[in-house]
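A.B. asks: One letter stands for each residue in the lines below.
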Amino acid sequence: MFTLSGFGTLGATYSTLRTADYAGAAFEPYGAGASRNIDFADDSRVGVQLTANFTSKLSAVVQVVSHNNYDNSFTPTLEWANVNYAFTPDLNVRVGRIELPTFLTSDYRQVGYANPWVRVPPEFYDTVPITNSDGVDGSYRVHIGPVSNTLHLIYGSSTFHAIPGPIRTEARGIFGIFDTTEYRALTTHLGYLRAHADVPFAKAMPVAVYSAAASLDMARWFVQAEAARVTVDGLTPGYLAGYATAGVRMGKFTPYVTYAVEHSLDHPMVSDNMNAGQRALSGGVRWDFAKNFDAKVQYDHVWTPQGSTGLFMNEQPGFRLGSGTDVVTATLDFVF
Amino acid sequence: MRHSIRVLWSGLVGAALWLCASVCDAQLVVIVSANSRVTTLSENEVADIYLGRASQLPDGAHVTPIDLADEAANRATFYRIVCGKSPAQLRAYWSKLIFTGAGQPPREVGGAEAVKRLVAAGTGGASAIGYIDKSQLDATVKAVLSLH
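Protein chains in written order, with my numbering: chain A, 1 to 336; chain B, 337 to 484.
None of these hints come from the bench; they were simulated from the model. It is possible that part of the hints are untrue.
As a list, the in silico DMTMM-like pairs of lysine to aspartate or glutamate whose alpha-carbon atoms are at most 20 Å apart [what the hints assert, rightly or not]: (1) B:K470 / B:E449; (2) A:K252 / A:D198; (3) B:K432 / A:D233; (4) A:K203 / A:D179; (5) B:K432 / A:E182; (6) B:K478 / B:E449; (7) B:K432 / B:D403; (8) A:K291 / B:E379; (9) B:K478 / B:D395; (10) A:K291 / B:D474; (11) B:K432 / A:D272; (12) B:K478 / B:E407; (13) A:K203 / A:E170; (14) B:K432 / B:D395; (15) B:K470 / B:D403; (16) B:K478 / B:E379; (17) A:K252 / B:E407; (18) B:K432 / B:E444; (19) A:K203 / A:D90; (20) B:K470 / B:E379; (21) A:K291 / B:E444; (22) B:K432 / A:D179; (23) A:K203 / A:E182; (24) A:K291 / B:E407; (25) A:K252 / B:E444.
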């Protein structure tokens, strides 16, 4: 009746730029570069999940994740806790804390083993740093010949800490509609999400996210690309973001390349957000060296347009807007 | 010395040929209970059931997939042919579903006899589906797809 599973990543991150931090995720207080020479917290995390199947229709899932929080603690946070009722195997309704499937890999972005890279491309994924929502959702899957299509609706609210960490952000009235189509090795994902964001200095700022993604996961190679338009009125300049990634499977080794872009829409703001975009070109290799383990090494060349801090944090005197860095990361992923 | 190397060599070649004859010739078949109304399934339909995307047979019956243990050679062959996925790729696929609470991988059993037993009897009121060597077929189950 109960199934315990877990995942984790141990990472070491090095960035050549010494005047600011390169952080692996949006919530982290420090990164590699200015604060730490080699940052072991940047890309490391561990998660434990308990799944309970009470009956064939009623189940529940609780997931707790520990990573470097905004307050520099590793205090585990309750990522998901929901109860699922399956009216039919294809019609599910959940209540509780639910993952927010904003983008193609949003719901497993923390599971390194399930992803080809050392981290999800931050230029794209950090545009919507919320991972969960407290509320309800429903999903309905239909089979049309060899194609299966899942329509997913979600409603809820979420409280989180975004860059810079101490700022408490509340997203209210989150409403999302997502459509996922699977046909053999092809997966496509379309999404729309809206909400209102409250921060200490501004209330009810409209949030809108439009996204599209496709992934082709063949036996010998894979390609995956996503694009999104994300606006948080008044708090960010609005972004058009996207990435494309491709890899080749050669036995236990999977080399890959990724190009990611975050482009500013230059909308007016009430906050002093200086991130006017960032780009990165990355290359790496995944090594599936043992059952339920992999090791990865990734190199990122990161640069920002003129006048932009990009996703850098803890800028020191001497940091120049519109600069960049080179990052080398090694990770060990596991699942159990 | 030279003679013994030749003997060893021909022995190795013979062993390799024998291994190939037994492995390369092994043909997998997808099976359902002999009582099932289903007579044939496509690779796509089988793939959807084993990847957790479908839970019904074409006749509407609920179906539970039965898998072999991770180390079984037939399992790697099955997933390569039906889903186009390597064992590592398959584990990455399931970790996506497990950690979203969206599903659990198929139940694993020890060998072909256990597969046949479950498929013939069904599990918890639902039909079951499995895969075995063609040579292991008997009257309790029937083949609905041959894998080449």
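A.B. asks: Confirm or reject each hint.
C.D. replies: Consistency of the hints with the structure:
A hinted pair counts as satisfied when its Cα atoms are at most 20 Å apart, and B:K470 with B:E449 qualifies at roughly 13 Å. About 47 Å separates the Cα atoms of A:K252 and A:D198, which puts this hinted pair outside 20 Å; it is violated. Between the alpha carbons of B:K432 and A:D233 the distance comes to roughly 33 Å, so the proposed pair goes past 20 Å and is violated. The suggested pairing of A:K203 with A:D179 is violated, with an alpha-carbon distance near 30 Å, which exceeds 20 Å.
Under the criterion of a C-alpha separation no larger than 20 Å, the hint pairing B:K432 with A:E182 is consistent with the structure, at around 14 Å. Restraint check for B:K478 and B:E449: satisfied, since their Cα atoms lie roughly 14 Å apart, inside the 20 Å limit. Simply put, B:K432 and B:D403 have alpha-carbon atoms about 19 Å apart, close enough for the 20 Å limit, and the pair holds. A distance of roughly 26 Å separates the Cα atoms of A:K291 and B:E379; the hinted pair therefore is violated under the 20 Å criterion.
At roughly 16 Å between alpha-carbon atoms, B:K478 and B:D395 fall within 20 Å of each other, so this suggested pair holds. Taking the CA atoms of A:K291 and B:D474, the gap is near 34 Å; set against the 20 Å cutoff, the hint is violated. Under the criterion of a C-alpha separation no larger than 20 Å, the hint pairing B:K432 with A:D272 is inconsistent with the structure, at around 37 Å. For a cut-off of 20 Å, the pair hint linking B:K478 to B:E407 is broken: about 25 Å separates their Cα positions.
For the proposed pair A:K203 and A:E170, the alpha carbon gap of about 9 Å is at most 20 Å, so the pair holds. Of the pairs offered as hints, the one joining B:K432 and B:D395 is violated, with about 29 Å between alpha carbons and a cut-off of 20 Å exceeded. Distance restraint check for B:K470 and B:D403: the Cα-Cα separation of roughly 16 Å lies within the 20 Å cut-off, and the hinted pair is therefore satisfied. Our distance criterion of 20 Å between C-alpha atoms is met by B:K478 and B:E379, whose separation comes to about 16 Å.
Restraint check for A:K252 and B:E407: satisfied, since their Cα atoms lie roughly 16 Å apart, inside the 20 Å limit. As the CA atoms of B:K432 and B:E444 are separated by approximately 19 Å, the hinted pair is consistent with the 20 Å bound. Restraint check: the Cα-Cα separation between A:K203 and A:D90 comes to about 39 Å, which exceeds 20 Å; the hinted pair is violated. Taken as a hint, the B:K470 and B:E379 pair is honoured in the structure, with Cα atoms around 16 Å apart against an allowance of 20 Å.
Our distance criterion of 20 Å between C-alpha atoms is met by A:K291 and B:E444, whose separation comes to about 16 Å. Proximity of B:K432 to A:D179 is assessed by CA-CA distance (about 17 Å); at most 20 Å being required, the pair is judged to hold. In summary, the hint linking A:K203 to A:E182 is not supported, as the alpha carbons are separated by about 39 Å, beyond the 20 Å threshold. A threshold of 20 Å between alpha carbons decides the hint, and for A:K291 with B:E407 the separation of about 10 Å falls inside it, so the pair holds.
The suggested pairing of A:K252 with B:E444 is violated, with an alpha-carbon distance near 24 Å, which exceeds 20 Å.
Hints 2, 3, 4, 8, 10, 11, 12, 14, 19, 23, 25 from the list above are not met by this structure, while the remaining hints are.
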